[in-house]
Amino acid sequence: MRGDNLEETLTDILRHEATVGAPRLEGLEERIVAELDGRLPKWGLVKMLKHLIAPTRGARLGQLAVIGATAVVFLFVGTFLVGRAPFLGGGSDKRVSMSAVAESGNSVLFLMPAPGAQSVTVVGNFNNWEATPLCDDDGDGIWTASIPLSPGRYEYAFVVDGRWWGQDPLADEYVRSFGDYSSVRYVGRAGDGA
Amino acid sequence: MKEGFWKAFVVGVVGMALFLGCGGVILAETTTVDVEQALQALPLSQRERILESFKVGLVQGQLLPEESLRLVTRLTAVEGNPVEKEAILLTLAFALTEGLPGKSLVDKTLEGLSRRAPLVQIGQQVSIRARLLVEVRDLLYSKGIFVAAEGQVASSVLLPARFDLLIIHIADALGEYLEGGGSPLDGHLLKEAVQLRLSKLEEVVIPVEDVELVLARITAGDLSRVLQKVLD
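Top line first, the protein sequences correspond to chains A and B.
Heads up: the first sequence at position 69 corresponds to 69 in my numbering, and the numbers run straight through without jumps.
Heads up: the second sequence at position 208 corresponds to 402 in my numbering, and the numbers run straight through without jumps.
No lab work stands behind these hints, which were simulated from the structure alone.
These numbers were taken from a predicted model, which means no experiment stands behind them.
Backbone N, C-alpha and C define an ideal beta-carbon position, used for all residues, glycine too.
Keep in mind that a hint or two might mislead.
Incomplete in silico selection of chain A near chain B, CB under 10 angstroms [to be verified]:
1) Val66
2) Ile67
3) Thr70
4) Val123
5) Gly124
6) Asn125
7) Trp129
8) Arg153
9) Ala157
10) Asp161
11) Trp164
12) Asp172
13) Val175
14) Val187
15) Gly188
Listed next, with one range per pair, are the computed distances between beta-carbon atoms [said to hold, decoys possible]:
16) A:Arg176 - B:Gln389: 15 to 23 angstroms
17) A:Ser107 - B:Glu230: 35 to 43 angstroms
18) A:Arg176 - B:Ser336: 48 to 56 angstroms
Output of the computed footprint for chain A on chain B, the stretches with three or more beta carbons under 8 angstroms from beta carbons of chain A [said to hold, decoys possible]:
19) 301 to 315
20) 367 to 377
21) 402 to 410
22) 419 to 426
If we strip away everything but chain A, and leave its shape as in the complex, we get (with noise of 0.2 angstroms):
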């Protein structure tokens, strides 16, 4: 019975305070956020610079030594990369060509034997006709090289110790082009060339 009193007055005082207190809701969040912008610093560009950078000038200058050192190092190693350093004798763009076709392909092996060959190396449409060096680790006079390439249809040589060498019997066709022969390997097809 006293139970029911108690809640019933709960109910009544919650009403209540729900008819009175609902209008005062109005425009609740806009009043909040006014209240915060007001309490919030007001920071201005310069201001806020200072706070990115570092607060003593002791730190301040290794910072910018940091960045500095970076930034020289950067410039060489960017610049040589994509070989276009020509005050550093570079102008080359192999490394670049090469990555250019490094486009998750298949890894084609190039084999050739060269017994007591010095180079070998392999040009071809893949690399812009620019050398990429075959390897031959064990000295075995096979030499190797994998070069990851998309499906296509790519032509290529070998050059041995400077000569040119067109005919890899691992080709899949060979082609005449300027007087000589080039190999022909398609990738991409269940079979061939990779």
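Given chain A, put chain B in place with the hints provided.
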């Protein structure tokens, strides 16, 4: 003091990352300005014409900036008559103004340079390839195979990239046939060469339906006439 150090460290790392990112993009990208500068190294009588056509090719996507830069750089580096070098560039310029893909011509030039072929011979080969591109394109047009305009859909109207692939590979197959000493009068051998090339690339590079379309519409006689026109 400790807080200051960490703040400096974090800002330093962020600054470095931003610099590396922006610098990398700027350095890695070849632009027409690079091509223009590279062309300055060659004594050319028709520099403006070459440059303008290169720009057209770059805008139309028929030539990549790095391809043109590579070509100009390699031509500059090789010893030889500047007139012969310019002839190669003018052939490429002609193809680009015709709206034809320049990649196969650049590739042929680079191959010739790599083989240390005489510039005159390279020029001749590149010129034959350029004329083949023109004739093959015209042949496809005459057979009702066209480049699609924006939004156009029909079985014999191909998107530019697919149309270019057909031109490149048909012209290339015919060019190799010629270089291999084949006669332009042997139409059936020409058709065989084209058929072999396209069938080896179908599905992998060229859509099957494009190969079927070409092989159904082009006859041995058509290909023979193309080669005779090129050699005239």
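Hints and how they fare:
1. The interface hint given for Val66 of chain A holds, since its Cβ lies 5 angstroms from the closest Cβ of chain B, which is under the 10 angstroms cut-off.
2. The beta carbon of Ile67 of chain A is positioned within 10 angstroms of a beta carbon in chain B (closest approach about 5 angstroms), and the interface hint is therefore held.
3. Using the Cβ-Cβ criterion of 10 angstroms, the hint placing Thr70 of chain A at the interface with chain B is satisfied: the shortest such distance is roughly 5 angstroms.
4. Because the closest C-beta pair between Val123 of chain A and chain B is about 5 angstroms apart, less than 10 angstroms, the hint holds.
5. Of the supplied interface hints, the one on Gly124 of chain A holds, with its beta-carbon coming within about 9 angstroms of a beta-carbon of chain B, less than 10 angstroms.
6. Because the closest C-beta pair between Asn125 of chain A and chain B is about 5 angstroms apart, less than 10 angstroms, the hint holds.
7. The beta carbon of Trp129 of chain A is positioned within 10 angstroms of a beta carbon in chain B (closest approach about 4 angstroms), and the interface hint is therefore held.
8. For Arg153 of chain A, the suggested interface contact is upheld, since its CB lies about 6 angstroms from the closest CB of chain B, less than 10 angstroms.
9. Given hint, Ala157 of chain A at the interface with chain B, holds; its Cβ is 8 angstroms from that chain's nearest Cβ, closer than 10 angstroms.
10. Because the smallest distance between the Cβ of Asp161 of chain A and any Cβ of chain B comes to about 15 angstroms, over 10 angstroms, the interface hint for this residue is violated.
11. With 10 angstroms as the threshold, the beta carbon of Trp164 of chain A comes within range of chain B, its nearest partner Cβ sitting at about 7 angstroms, so the hint holds.
12. Residue-level restraint check for Asp172 of chain A holds (minimum Cβ-Cβ distance to chain B is 8 angstroms; threshold 10 angstroms).
13. For Val175 of chain A, the suggested interface contact is upheld, since its CB lies about 5 angstroms from the closest CB of chain B, less than 10 angstroms.
14. For Val187 of chain A, the suggested interface contact is upheld, since its CB lies about 8 angstroms from the closest CB of chain B, less than 10 angstroms.
15. With a cut of 10 angstroms, the hint placing Gly188 of chain A at the interface with chain B holds, because the nearest CB-to-CB distance is about 4 angstroms.
16. For Arg176 of chain A paired with Gln389 of chain B, a C-beta distance near 19 angstroms keeps the hint of 15 to 23 angstroms intact.
17. Checked against the hint of 35 to 43 angstroms, the C-beta distance between Ser107 of chain A and Glu230 of chain B comes to roughly 37 angstroms, which is consistent with it.
18. For the hinted restraint 48 to 56 angstroms between Arg176 of chain A and Ser336 of chain B, the CB-CB distance of approximately 29 angstroms leaves it violated.
19. For the region 301 to 315 of chain B, the proposed coverage by chain A is satisfied: 9 residues have a C-beta within less than 8 angstroms of a C-beta in that chain, meeting the threshold of three.
20. Counting residues of the region 367 to 377 of chain B whose CB lies closer than 8 angstroms to any CB of chain A gives 4, so the stated coverage by that chain holds, three being the minimum.
21. Here's how the region 402 to 410 of chain B fares: 0 of its residues keep a CB closer than 8 angstroms to some CB of chain A, so the rule of at least three is not met and the hint is violated.
22. With 0 residues bearing a CB less than 8 angstroms from a CB of chain A, the region 419 to 426 of chain B misses the requirement of three and the coverage assertion fails.
In this structure, the earlier hints numbered 10, 18, 21 and 22 are contradicted, and the remaining ones agree with it.
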